[in-house]
Structure formats: C-alpha cells, structure tokens
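S.K.: For reference, the chains in residue letters:
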Amino acid sequence: MESGNIYIYIAVMAIVTYIIRALPLTLIRREIKSPYIRSFLYYVPYATLSAMTFPAILHSARSPWAGGVALFTALMLAYYGKSLLTVATGACLAVYIIELAII
Amino acid sequence: MSRFNDFRLGFRDGAPIGFGYFTVSFAFGILASQKGLSVFQAVLMSATNLTSAGQFAALDIIYLKLSYYELALTQIILNLRYFLMSCALSQKIEPETKLKHRLIASFGITDEIFAINASKPGKVSPYYTYGAMCIAIPGWTLGTFLGAFSDNLMSESLKSALGVAIYGMFIAILIPPAKKSKNILAVVVSSAFLAWLFKNAPVLSQVSSGFTIIIITIVISAAAAYLRPIKEQ
Chain A
1 MESGNIYIYI
11 AVMAIVTYII
21 RALPLTLIRR
31 EIKSPYIRSF
41 LYYVPYATLS
51 AMTFPAILHS
61 ARSPWAGGVA
71 LFTALMLAYY
81 GKSLLTVATG
91 ACLAVYIIEL
101 AII
Chain B
104 MSRFNDFRLG
114 FRDGAPIGFG
124 YFTVSFAFGI
134 LASQKGLSVF
144 QAVLMSATNL
154 TSAGQFAALD
164 IIYLKLSYYE
174 LALTQIILNL
184 RYFLMSCALS
194 QKIEPETKLK
204 HRLIASFGIT
214 DEIFAINASK
224 PGKVSPYYTY
234 GAMCIAIPGW
244 TLGTFLGAFS
254 DNLMSESLKS
264 ALGVAIYGMF
274 IAILIPPAKK
284 SKNILAVVVS
294 SAFLAWLFKN
304 APVLSQVSSG
314 FTIIIITIVI
324 SAAAAYLRPI
334 KEQ
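Sequence order for the protein chains is A and B.
Numbered according to the working numbering, the first sequence spans residues 1 to 103.
Numbered according to the working numbering, the second sequence spans residues 104 to 336.
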C-alpha cells in the first residue's frame, strides 16, 4: 500500500492503540488467582513510568544541565507531596530559568 | 447517585492530569505543526489516540513518509504497556462491569489515568474513569490545538521548558508510592538504572526506545513479583 496519506496514518495508529487497550479489559473477566501474575501486574506501572522518565528527562531540554535541575526540582516537589500540576510546572520553570542563565 | 459520585471523584482526581496534559500536548502541537501537520490533523490525532510517546514517535514516521506497517509496529511497541495496564485494570474494575462500559473505559487507559485508578483502594467503577477522561481528553486535545496554532508565536526557550512537563508529571506519580513502599522504590530505581544502561551501554544502545521500555518493564516487574510478591489484601 502506498504511504503518505496523513489521515490513513492517524487511523492506523488510533485503531492499533485502541485494540491494545481494549483486549485485556474486555476479555479478562475472571479474577486472576496467581499471586505471581497479580504481583507482576502490580509492579508494571512503576517500572514503565520510571524507564520512560530516566534518563530521558536529562535530554528533553536544550541543555542537559537544565534537564538535571528539572529532575532534581521535580523529585523534591514530589517528595514533599506537591500535586501533579505543581511538580510539572516546577520542572518547566527550572528549565526556563537555568537556560536563561546559561544559553 | 453513587455513579455520579464516582464520576465526580474521577473528575476531581483527573483535573491535575488534564492540566498536565495541556502543557505536554501544547509541546506536541508545536512539534506537529513543525513536522507538517495541519492544526486539524494534529487535533484529530490527539483526540483519537490519547497517547504521548506514540504520537511524538508518529510525527517522525509521518514526516519521513515511512510505511503504515512501520507506524503500526511502532505503536504496538510503544503502547504495549497499555496492554499490561489494561490487564491490571481488568482485576481492579468492578467485576460486574458490562461490556460497553469496558469498551469505553478502555479508551481512557493512559499512564496517568491508570495510575489514579491503581492507587484507589478496592475496586473502581468505570464512572470514576469516565470522570477522569472527561477532563483529561479535553486537556490533551485543547493543548494540541493551541500548540499547533501558536507554533510561530513561541520562543525556543519556552518550547524547551515545556518539553520536560511530561516527565515532571511522571515523577509526581512515581514518588509518593515509592516513599511508602521500599519494594516500589526498588522497582523505580532499578528500572531507571536499566534505562540508563540501555541508553549508554555499547550494544544495548542499539535497541529502540520503545523496545527498551517493554524489556525493562517485563524484566523488572517479573523480578519484583518473584522476589517480593504482594500480600493479599
């Protein structure tokens, strides 16, 4: 099939992504009894989010220093129980200020 | 009444997610416009996909006019974590939940909406998920619209700063449970270490970032489940 139609690209990714999301939730109706599988599923989101965040945050801004300070700022704010929005905004501000100083 | 209450709670917990999405999708909108998508196409992609990593990756594939097959494969790899989250949610959702509700709630499985579902004690109602979706999806879509619309108005430093928003959001989700549980902390630290290794080690750095995340998720979660199985509630 010839590629290049943006609407077909969007349709392909939307359908693939939806199927991935919907299959387990609609098909698995019974409680999973195995403590091993239950534990595995319990740890999944933490492993995924962590692997997506580190070290990617260091390379997300123009300067890795700014990324590093953003990481530190976000860790501190989150450690002291600040909300999602505060932590995200704090990280953005850190990058903005550091880059203002060094670029 | 309790449905409404579940919806309201979901909406409340979803509000910061909606705002967080707004900043991230704003960055997405800017990039989409730079890669040649129209404002309408960028918004359509956000409204139908609702996935950060997948959409960012798709922009490059579309820009380079790679095959549909390659796009599909990339989405499967980057979004396979939703499959695992959906498995986990199948155990968390009220067991009597009807098929149509499962089909609608499935669309709302994102890292953050899953995280608030997972952190609720006991079973969760699909109406809780709907409440979160009703603020998260508009946030994601509106941010995309404004980002794509105002691409040329933004300075480079502002764009760079917005780029870390998504990671700030992830950290805000990870740290509170890691503070409470040593096991979760160990999972977070060892996953981060492996991700660093995959980024920098000679052979491992050849692996694509989507595959890296799946490999790490499976290896670390399996090891944690083996070494530190959760106690039944």
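Because the hints were derived from the structure by calculation, they are not lab data.
One or more hints might be untrue.
Claimed, not checked - Taking beta-carbon pairs under 10 Å as the criterion, some of the chain A residues facing chain B (in silico):
| no. | residue |
| --- | --- |
| 1 | Val-16 |
| 2 | Trp-65 |
| 3 | Leu-77 |
Idealized CB from N, CA, C, for every residue including glycine.
S.K.: Please go over all the hints and tell whether each is borne out by the structure.
M.R.: Against the structure, the hints:
no.: 1; hint: Val-16; verdict: 5 Å, holds
no.: 2; hint: Trp-65; verdict: 12 Å, violated
no.: 3; hint: Leu-77; verdict: 8 Å, holds
Checked against the numbered hints above, the structure breaks only hint 2 and satisfies the rest.
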